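*Asks:* Order-wise, the sequence lines are chains A, B and C. Residue numbers for the first sequence, in this note's numbering: 147 to 701. Residue numbers for the second sequence, in this note's numbering: 12 to 106. Residue numbers for the third sequence, in this note's numbering: 44 to 241.
If you're looking for bench data, these hints aren't it; they were derived computationally from the structure. All of these numbers come straight from a predicted model, not from anything done at the bench. Watch out, some of these pointers could steer you wrong.
[To be verified] Pulled a few chain A residues facing chain B out of the computed Cβ check, cut under 7 Å:
1. T465
2. V475
3. L478
[Unchecked claim] Listed next, the in silico DSS-like pairs over lysine-lysine satisfying Cα-Cα at most 25 Å (straight line):
4. A:K436 <-> A:K312
5. A:K396 <-> C:K152
6. C:K145 <-> B:K25
7. C:K124 <-> A:K396
8. A:K500 <-> A:K346
9. C:K91 <-> C:K145
10. A:K683 <-> A:K346
11. A:K436 <-> A:K500
12. A:K500 <-> A:K312
13. B:K25 <-> B:K75
14. A:K500 <-> A:K442
15. B:K25 <-> C:K124
Idealized CB from N, CA, C, for every residue including glycine.
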Amino acid sequence: MVIMSSDLQDGIMTETQSFFETPSPRGLTGVKAWLLTHDHKRLGLMYMWAILFWFVVAMILGLLMRTELMSQGRTIMGPEVYNSMFTLHGVIMIFLFAIPAIPAIFGNFFLPIQLGTDDVFFPRLNLFSWYLFMFGGLFAIFSLFFGGGFPDTGWTFYVPFSVSTKGNVSLTVTAAFILGMSSMLTGLNFVTTFHRMRHKDMALMQIPLFTWSLYATAWVQILATPVISITFVLVMMERFLAIGLFEPDKGGDPLLYQHLFWMYSHPAVYIMILPGMGVISEIIPVFSRKSIFGYKAIVISSMAIAIAGSLVWAHHMYTSGMSDVSVFVFSLLTFIVAVPSAVKVFSWVSTMYKGSIQMSPPLFLSLCFIYLFTVGGLTGLVLGAAGTDIHVHDTHFVVAHFHFVMLGGTGFAFFAALHYWWPKMFGVMYRFRPAYIGAVSAALGFVFHFVPMLILGLQGMPRRYYDYLPRYETGNFLAGFGAYLLVAGVLVMFVNLLLSLRNPRTAPSNPWGGTTLEWSIPSPPPMENFIEPPVIKGFPYDFSEIVARSQQDGR
Amino acid sequence: MKTTEQTHILSYGKLALVLVLLLMLTGMTVAVSYVHMGFWNVPVALTIASLKASLVLLFFMHLKYEGPVIRYSFLSTVFFLAIMIGFTFWDVAFR
Amino acid sequence: MTSRIDTTGVRMGMWFFLYSEIILFGGLFVLYAVYFHNHSHYFAEGGKELNRIIGSLNTVVLLVSSFTVAASITAIQREKKGQAVGLLLFSLLCGFVFLVNKYFEWGTKIHHDIYPNSATLQDGAPGLNIFFGLYYVITGLHGLHVIIGMILLTISLVLILRGRITASRFAMLENSGLYWHLVDLIWIFVFPLFYLVL
């Protein structure tokens, strides 16, 4: 043991020790150091545990549904339970996983670091958002046990059913309202941090792409989320006061509910996918040892997706009875959104071209992302074209499509981010072999799960149905099999990561050879993130130093 | 470090002038509502309302003296609101 | 960390929050626009039943209170604490008058059996039901915002009295003021849309 003079020790401790050892605000101990913290890193981790919990719960619900559908007729649950289950699966996966996952965990943890600063602009508001998130989750749990039980409307809460059903819609939409607040305030915090706390040497075109994608996302969070808030308030008012704003015989128009709902919920899919794209834009260049191809194009496409994504909401409503003119207009606009997404895929692939690629679990998961997301995007065009959409509307094809984007896209980006930043967040390295096994199993399971569903949808199997005709049995069985493989793979990845926490904290500060600022500081980062003032590179993806260093080591 | 930048003080006189303008516009919009112009009543009323809103924004809310971030982001918000209402009419107006 | 007060940033955060409020009401304005398009005749009829005098009076009250709030910021910047306190008290009084007016307005309507799901509205024309449905939702939500705004102004007032808001540090007052102006801003549109549609 080394004994130092206590003054000196204090000074060194607070500056260089990891944030796990230094509570913020100072003087808090034990559980209070977490529950009352203002530290963006601690909050990121707190989000992580909550979100992982919800993800596993919703994944198991999905697995139970798939098990039910593996054979015809009743297998393990009745139809009412099934209806509640797909609602619950949707609500949790959307509001408690896909929307908060990447911004709330990795955004909170890494956005300030990538901007070269010590925290977000409103640290206390950040803590408040976390509490809102937890309360929203609690409300969702309450709604299971109070009143008429969990709603059976699906996560879309379409009127008139959501107004008339016995299920406890009011509590559930309150939960979604609170979660929306949390998401909106996180976005607000990020935008303010982006503008006011960015390192003074960092110009706009020197900002890492992950942060750019979070910035684009944050604007969607601020501007689109209130629409769903007011829509859910209206649903509650309809339930309690029966105003009739969406009831035709009282002069209302039920289609307007759908318009309002998708005015948020379509931009929301970009809240889910944009940060995922940002993660991939970080990982691909690092493991290709090559500067990202088309940095500016990716930045512009992020902003373009955020803008264009707000113009296309009614493509969810082609068969709902809205006017033909709007079907035409929204179908046309939908195709425009495909362009910036394609620009990104093109840039990632071009980055890898002639790069010196080094395989690792994060890169492997990113490659899965590119493949699965591309399938999701292309099937989206099938749905975006009004003609073909009529055929596959509300079938398993739609379900498979958005799972390709949301799980194959956001989900795999989330796994990739976990594997990429895990050593930085905890200072431990995990074992690669189980990570690969889990990733391969998850990707294979995913394909087995959702490709049959695409085919089933083309054959006419409707979504949200409890039972089906005999000719759909093979496809459903295969999908169920894939689901088990998928869940097993995901659990292997998670368990492998959790087991690594028992290892000593020996991960180097830059295990992958990354160039963004988070790799220039110790793992796990110290309280104020930077011990010495950060040095801002002229271009954030300049690998010349990293390559030169590895060439020296090689000789 | 940024304290010197935001010391823009609007005098009572200037604020009062804005208030007088606002009250005059209010009187105008009420007066105009008694005149029957058919279709034109609504656009006129909304134009006056927008004028009033601009006055409140620019002077009471100091938007005139804010930096580009707030200015442009405010315009984007208005733009998004216009899209919300406008694009819904692709459906409603042609049904 | 506490030594860093970036007032521009704090104000920026408030503006971003206000955008979300604007869009929150924006969802209701979407409904208004569509239903006005569908039932314009009944909207005119419903508008005639609202008391234009009370509506105008409330508009004037809110505009004046907006002015006094803006003036209180000027007063604080000029280190005139007494004036600032007086102006804020007057603004709070205006907010209170607005709410009292609203109370009587709603009361009369409810007395005439015009409220959501009332027999008169249910048996009457659907267009009228929608008009009054929107009237209650929008003015109700607006009233809630008036109350929140008054709470924020009261907090600022207390902070001024305690000397926590000064000429060099008045972000809280500024942000409460911004919120109050937003309430005014919404009303500027609500007023012609409900009271003056003819």
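*Asks:* Work down the list of hints and note, for each, if the structure agrees.
*Replies:* Structure-based check of each hint:
1. T465: violated, 13 Å
2. V475: holds, 5 Å
3. L478: Because about 11 Å separates A:L478 from the closest Cβ in chain B, which is outside the 7 Å limit, the hint is violated.
4. A:K436 <-> A:K312: Measuring from Cα to Cα gives roughly 57 Å; hence the hint is violated.
5. A:K396 <-> C:K152: holds, 19 Å
6. C:K145 <-> B:K25: violated, 30 Å
7. C:K124 <-> A:K396: violated, 54 Å
8. A:K500 <-> A:K346: violated, 35 Å
9. C:K91 <-> C:K145: Distance ~17 Å between C:K91 and C:K145 Cα, so the pair holds.
10. A:K683 <-> A:K346: holds, 12 Å
11. A:K436 <-> A:K500: holds, 9 Å
12. A:K500 <-> A:K312: violated, 60 Å
13. B:K25 <-> B:K75: Holds, at roughly 13 Å.
14. A:K500 <-> A:K442: holds, 20 Å
15. B:K25 <-> C:K124: holds, 20 Å
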